[in-house]
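Chemist: Chains A and B, in that order, give the protein sequences. Going by the working numbering, the residue at position 57 of the first sequence is 38; the numbering climbs one at a time, nothing skipped. If you want the working numbering, it's the position in the second sequence, counting the first as 1, plus 1046.
Derived by calculation from the structure, the hints in this document are not laboratory data. Yeah, the Cβ is synthetic: ideal placement off N, Cα and C, and Gly gets one too. Don't take each hint at face value.
Quick list of in silico lysine-lysine cross-link-like pairs, BS3-like style, CA-CA up to 30 Å [unchecked claim]:
#1 K1351/B x K1172/B
#2 K1172/B x K165/A
#3 K1702/B x K1540/B
#4 K1531/B x K1702/B
#5 K1090/B x K1351/B
#6 K165/A x K1531/B
Stretch by stretch, here's where chain A covers chain B in the computed footprint (C-beta under 8 Å, at least three residues) [what the hints assert, rightly or not]:
#7 1477 to 1484
#8 1697 to 1709
Covered stretches of chain A (in silico footprint by chain B; criterion: 3 or more residues with CB under 8 Å from a CB of chain B, positions within the stretch not fixed) [stated by the list, open to error]:
#9 157 to 168
#10 173 to 185
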Amino acid sequence: MLRPARPRRVLSLILSFTETTGIPPVSMYPTVAYVLDPRFRGGTSSAVAAELDLVSGLARVEVHALSTAMFSGRSVAPQLGDALARLTLPLIWDAREIAADIVIFHNPSCLKFQDTLATRIVANKLIVVTHENFLRPGGAEGFDVAKCLELIGDSSTVLQRAIAPISPWNRQTVDSWVSTQSPKHDWAVQPWDWFNICSFEMQAPTPHPADRRGRHSRPGFEKFPQQDVMDLCFPEAAEQNVILGADSYLRDGSAPAHWTLYPFGGLSVSQYFEQIDFCVYYTAPTWRESFGRVLAEAIAAGKIAISDPQTAQTFDGAVIGAAPSEVNDIVRRYISDPVRYQRDVVSGQGKLGKFSSTAFEATFNTLLGQMPGGPR
Amino acid sequence: MILLCSGQISSRHFDALLLFAAQLESGGHSVAIDARFMPEETIKQQKYEMAPFLADAGDINAETILVIGAEAMSDDAQILLRGVNARADVPVWAIGHYATHQDEINARNKIAFAMGREPELLNLSKASKPLLLEGLVAPLATRIAPHPEQSDGKGCKLLVYMPFEMLEEDDALTGLAITNYSPNVELHVLTNAKGKDLIRRSKHAALSVFGYGELPPDNLLNYFDVAAFFGSNIPGERMAALALLAMGSGKVVIDCTTTAGFAETGAPVVRGPDRIEALSGYLHDVVMHSRVEIGRRSLQSSWLKQFDAAALEREVQLTHLPRVQPDPVPQTVFFPTNGNGLGHAQRCALIADAMQDETPRRFAAFPSCIDMLENRGFGCVPMVPRSDDHGDAFAADLVNYIRLRQLLRPGDRVVFDGGYVFDSIYRTVSALKLSATWIRRGLWRPGQINPTALERERAFSQVIVPQEAFAELNSDYSTGHHIDKVGPIVRQGKLSAKEVQSLRDRLSIQFDQEIDTLVVTMLGGGVASERTAQTQMLCSLLEQRTNCLHLIVAWPNAVVAPGLAGWRNSHVVYTTRTLALCQAADLTVSAVGYNSFHEILYAQVPSILIPQSAPFLDDQERRARAAAERNLAALVLETELLALEREVSAFLDGAKADEIRKALAAECLPDTGNVAAARLIEQGG
């Protein structure tokens, strides 16, 4: 069996302890086992990679990969692969048993296309981090939540089971689902958000903002609003309308000529940000981002980010929440007031501190402190 | 209107859309298929099936949007759904076979994301519902008739589905032929194109064969009381639909599949032999005498009720939609084919004139005939003639199909006159279950008489064969109680000597010349046969005569060669009043189409007959020869220009015209069939 990596900060202490006492040190430090299908793409992979970077310094970390039906045939997401290589953490595929003090199961929806989970989880605490909203706007289920939770619940022998939402909106969907459904197992909802770590390098805003708009996302249909909203957000009058991830528009040729279209991955994110001053991001009205990492990326890149009010609420004012019909006015006002533009971007970047590694570490340490052998 | 879309853009999904559209339409719903969901490649049969339903989504006012096959939505389909522009309150239904709750959520999500609105969901794979066929796309269902819809009488109409592979086996065709020999069985075989071709090339070519996609399942229903399915299993979605519709109509479905594919689902079918050789005996011993009772019990089956189309429609809340009401006043619609002249339309008009019942009569007619018909007091719906400019050779007929479907309603009577039964008429009659009459004159060329040309006769409840004047010209191409022979259908109107003189006087005034000699030429517009040389020669011969008027008759709208304009004695006239002109003429030079020929005979007009020879025409030479042998006309073949000169002289300078007049007056011609045909149509076959 592969040996899990040990936290760097406590490594010297462990060695010293072991040499002195001859007692294996493993039980003294909480073991944290991550369980995930590492083949998912997008912001979630980046968030988990950042989390591994941090947590591997706080606890003994194992990373267990599930080859779920949802991502069959895909390879490990590059962000995660890089992080694992950097941390020299082996990826343990489809272990029959996972035993740890804390098991963090990222993205339970990865189980939605299967009826079995051939892995046994034994832990003090099992935390399921809900990267996908349980419910969509309007109340329809986002995925078969009951089945996914039941698969995990049936496969686990734990003292505590907890669901960890990643944002206020995400929490709202979890609470709403839990209040109306009767999951087979007892699941507590974690009282704090298991947010995406946003440890981006902050870019200075341009002193001369222009009406250069853009949006970037995976190309899924859920990521795009209806045409009338897109037309409001990316009008002909704008100097630039850059759509990165516009695969479906490129396929059907329906996009207006004044949009500059790139397929997903057709432009590096930095090249994309060079072309815009405003990130205008709306999704299908029947879907909503659970966190909205693309917006955090835009703020960090020195842009004004505009989205719907519910999505914006995660960012405490760093993202401007507005109706699509208000976008033009917002953009116009900022262009006419570059100082305000710069001030608000910088202010937004400051608010991203809420999602920093430091903030996450503090929260995570609280969790570890509740574990036997964890830091007090 | 209901707008139909599918979860994928594929031939299979499109076929399912066609099946579903037909199913909804049969319930009186107004249905359209979003044209963007049509796959790139479609075959002729699909084009006919789709034509009544295909629409640009932006052109219709959708009241409900139904997405079928939603269990496996493709990106392409999502892109198209994103472009559907319907009011926010228009419900969208995701109809699919969902094995799991996640499948339902997936379908719901994909439509919700693409369209920005939440769909309703209908799962066709309910645990309690039997599975008719694995992998179905269409929401197959059937209307359940109150009583078995089977034909009266001791015998039965039998449809046998047999795959090509089985037809290739030894004795399969013989087995079918043996079944067909039974006087109590009217057999139709249903197979794929290869199978049909195999039968047509065999010694059993006369079997009635339907190609797999030749008619949609609900149209095929008219052709059988009992359906027997051979092969290894249920042969696909279309045949499953056919079997289901048959059950819902109270017909007998015999499951002859080797795996008992239908019976295993619990469907109300009877299990039959899996070898064709045994079918005939089984049919007579087990089914024939009990077929109505078997059908009655099928209709009471609880299995069948789970496929009740009305229940499905209630589930997707279609009951509130306006239903298409059939026109309460039945009509008789004549559809003469677009021949090279006006012959078919003339014949139909003569029959229509002779009809006496109160049923309104109107025409679906090609432009070349419309003036003539309207002048005779008939209303016309214009049909579109074929053109080489069309992408598909059948493009015009496709439009005509739509027009016929719009024109005709169940309960109407349709009378088709022509040699080749167009898809438009064949499909309309089959779809609307119309009482249909085929006016089919004879004298086909030997190569034209084959099972393929005659197979569409099965759509007609009545075939009226206008006879030729001379017995040796009449043949029976098919037999049966539905065939009625009538005397020649011919325009009549014998002019008196006074009327003849009056007409010649009017012509003299019209053309400002004395008329000692009047010659009428009716050789056609050159479409069927090139006759410029003959016409020019006649012009030349007649130019040398004093006080000679030569009228070259062209049908209204016909194109006439410009070289005819320079003659002094010869003039082109556009008219349909040929009968009077011919009687006033000293000589008529005519092609030998059915109508012209019989008009000449019955009006006792001396004539030189020059048969047209295009391969698609009737055998004009035989017709002309029969008259010439009786000394009732002169025959000049197209190559015999010198003979033409001699005959013209013999008629105009010699006594031949008088001899022929006398012979015609002495000839005992059969009674005309105009009234008889009219009565037969009124009686409905």
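Chemist: Next, verify each hint and record whether it holds.
Modeler: Structure-based check of all given hints:
1. K1351/B x K1172/B: Holds. K1351/B to K1172/B sits at ~14 Å (cutoff 30 Å).
2. K1172/B x K165/A: holds, 24 Å
3. K1702/B x K1540/B: holds, 21 Å
4. K1531/B x K1702/B: violated, 34 Å
5. K1090/B x K1351/B: violated, 34 Å
6. K165/A x K1531/B: Not satisfied, since the Cα-Cα distance of roughly 80 Å exceeds 30 Å.
7. 1477 to 1484: With 0 residues close enough to chain A, the hint is violated.
8. 1697 to 1709: It is violated: at least three residues are needed, and the stretch 1697 to 1709 of chain B offers just 0 whose Cβ sits closer than 8 Å to chain A.
9. 157 to 168: That given contact is violated, which follows from only 0 residues of the stretch 157 to 168 of chain A lying within Cβ reach (below 8 Å) of chain B.
10. 173 to 185: violated (count 0)
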